[in-house]
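> Sequence:
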Amino acid sequence: MNAHASTAMKAVVIDEYGEAETLYVDTVPRPAPGPGEVLVRVHAGSLNPADKFLMRGDPWLVRLSYGMRKPRNRVRGQDLSGVVESVGDGVTTFSPGDEVFGEFDGGALAEYACGPADRLALKPTRATFEHAAAIPMAGLAALHGIKAAGVGEGTRLLINGASGGIGTFAIQLAKAAGAHVTAVCSTHNLELVTSLGADVAIDYTKQRVLTTDERYDVILDNVGNHRIRDWLPLLRGRGTMLPNTGERGPDGTVVMRLIKAAWHNLVSRHRVGLFASKPNTADLAHLAGLVETGELTIVIDTMFDLAHTADAMARLATGHARGKVVVSVAGATLDRSAGGGTS
Numbered sequence: 022m023n024a025h026a027s028t029a030m031k032a033v034v035i036d037e038y039g040e041a042e043t044l045y046v047d048t049v050p051r052p053a054p055g056p057g058e059v060l061v062r063v064h065a066g067s068l069n070p071a072d073k074f075l076m077r078g079d080p081w082l083v084r085l086s087y088g089m090r091k092p093r094n095r096v097r098g099q100d101l102s103g104v105v106e107s108v109g110d111g112v113t114t115f116s117p118g119d120e121v122f123g124e125f126d127g128g129a130l131a132e133y134a135c136g137p138a139d140r141l142a143l144k145p146t147r148a149t150f151e152h153a154a155a156i157p158m159a160g161l162a163a164l165h166g167i168k169a170a171g172v173g174e175g176t177r178l179l180i181n182g183a184s185g186g187i188g189t190f191a192i193q194l195a196k197a198a199g200a201h202v203t204a205v206c207s208t209h210n211l212e213l214v215t216s217l218g219a220d221v222a223i224d225y226t227k228q229r230v231l232t233t234d235e236r237y238d239v240i241l242d243n244v245g246n247h248r249i250r251d252w253l254p255l256l257r258g259r260g261t262m263l264p265n266t267g268e269r270g271p272d273g274t275v276v277m278r279l280i281k282a283a284w285h286n287l288v289s290r291h292r293v294g295l296f297a298s299k300p301n302t303a304d305l306a307h308l309a310g311l312v313e314t315g316e317l318t319i320v321i322d323t324m325f326d327l328a329h330t331a332d333a334m335a336r337l338a339t340g341h342a343r344g345k346v347v348v349s350v351a352g353a354t355l356d357r358s359a360g361g362g363t364s
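In terms of the working numbering, the sequence shown is residues 22 to 364.
Everything labelled a hint here was simulated from the structure, so no lab data went into it. The beta-carbon is built from N, C-alpha and C at its ideal position, and this holds for glycine as well. It is possible that some hints are incorrect.
What the hints assert, rightly or not - Label-pair ranges, simulated between beta-carbon atoms:
#1 208 <-> 269: 24 to 32 Å
#2 91 <-> 254: 39 to 47 Å
#3 233 <-> 55: 49 to 57 Å
#4 339 <-> 277: 36 to 44 Å
#5 31 <-> 113: 41 to 49 Å
#6 340 <-> 168: 23 to 31 Å
#7 306 <-> 45: 46 to 54 Å
#8 271 <-> 306: 21 to 29 Å
To be verified - Capping the alpha-carbon separation at 27 Å, the derived lysine-lysine pairs in DSS-like fashion look like this:
#9 73 <-> 91
#10 299 <-> 91
#11 281 <-> 168
#12 227 <-> 299
#13 196 <-> 299
#14 281 <-> 299
#15 196 <-> 168
#16 168 <-> 31
#17 73 <-> 31
#18 73 <-> 299
#19 196 <-> 227
#20 227 <-> 168
#21 281 <-> 31
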């Protein structure tokens, strides 16, 4: 192998903000781990709505961190799974050859990715690399949202957008905590959400959820297709509403939604809460443990190879993916039965 081959790699890049067609595969320098970092030979990655917002540079708020006129980091992607290639100084938790999964702050859709060791955990042995790559951002968002809302035994929880990445994880994690779960989805996904444990499934194409007579302790809104104030009458007591989307909607942009959430939290008897979801080894390991015991099923919508990442992003952008959209980097064949995954 010549020197160039050993220091270069294929990666999905973007040179300017835009839509899915701005993504393409290019040859870029292979990263090297610094102190506290791990270099991963990537087998698979997965896409999240956050990747779409970062690709578009919209809302503009993201440009403050990622580049005003164009992205500072050309290489896309955050969720990944693969094998540890090497580790930087001070890393004692992982060794070369370890199979891992996690979430880096960019650069995951490439043959190699580099990031902090504390954003990784050992891959569940029951899961393929493709299934493991589908876990990090969506699984952690579901876990952290459920924890933030205090979902537990007897909690009545409504999940809007229950068949997407976060929703499919949230149903299962809430049921494991002892909650009664109502899942809102389309006709096509009723069987899926029920199979994941939802006690009640509402078909939004046939019933306007805001007209239901039921009342809930917690509402997790992953869609943003209704105003926050319209959800509040569905809460009982001092129930909690969790807006969890960056999409534009009836409340306006994500910035306006944040402002309105803060306002309703001040003036309403209900709690309108926001929660932060940051990748960390302990919570990733917790999710991996649930996969190992069969308590957590990973739902994969579709899988694409690295060369067709633009098509994968276009699929994600429809807003109708069932579970996660996955990109195979290493060319491995997807075993849809592994890790409890379905399609």
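> Compare the structure with each hint and give your call.
We went through each hint and held it up to the structure:
The hint said 24 to 32 Å for the Cβ distance between residue 208 and residue 269, and at roughly 25 Å that hint holds. The beta-carbon spacing between residue 91 and residue 254, approximately 44 Å, falls within the hinted interval of 39 to 47 Å. Restraint check, residue 233 to residue 55: a C-beta distance of roughly 52 Å satisfies the suggested window 49 to 57 Å. Roughly 24 Å separates the CB atoms of residue 339 and residue 277, a value that falls outside the hinted 36 to 44 Å.
A hinted range of 41 to 49 Å for the beta carbons of residue 31 and residue 113 is inconsistent with their spacing of about 31 Å. Roughly 26 Å separates the CB atoms of residue 340 and residue 168, a value that falls within the hinted 23 to 31 Å. Range check, residue 306 to residue 45: about 35 Å between beta-carbon atoms, so the 46 to 54 Å window is missed. Checking the proposed 21 to 29 Å range against residue 271 and residue 306 shows it is violated: the Cβ atoms sit about 39 Å from each other.
A distance of roughly 14 Å separates the Cα atoms of residue 73 and residue 91; the hinted pair therefore holds under the 27 Å criterion. Distance check on the hinted pair: residue 299 and residue 91 sit about 25 Å apart at the alpha-carbon level, within 27 Å; holds. Straight-line distance between C-alpha atoms of residue 281 and residue 168 comes to about 22 Å, which keeps the hinted pair within the 27 Å bound. For a cut-off of 27 Å, the pair hint linking residue 227 to residue 299 is broken: about 36 Å separates their Cα positions.
Only pairs whose Cα atoms come within 27 Å are accepted, and residue 196 paired with residue 299 is accepted, the gap being roughly 23 Å. Between residue 281 and residue 299 the CA atoms are separated by roughly 23 Å; this keeps the pair inside 27 Å, and the hint holds. Pair hint residue 196 plus residue 168 holds up; C-alpha atoms about 13 Å apart against a cutoff of 27 Å. About 38 Å separates the Cα atoms of residue 168 and residue 31, which puts this hinted pair outside 27 Å; it is violated.
With a C-alpha separation of about 21 Å, the suggested pair residue 73 and residue 31 falls inside the 27 Å cut-off, and the hint holds. Using a Cα cut-off of 27 Å, the hinted pair residue 73 and residue 299 holds, with the two alpha carbons roughly 18 Å apart. Among the hinted pairs, residue 196 with residue 227 is consistent with the structure: their alpha-carbon atoms are about 25 Å apart, no more than 27 Å. Between residue 227 and residue 168, the direct Cα distance comes to roughly 31 Å. Violation of the 27 Å bound is thereby established for this hinted pair.
Under the criterion of a C-alpha separation no larger than 27 Å, the hint pairing residue 281 with residue 31 is inconsistent with the structure, at around 43 Å.
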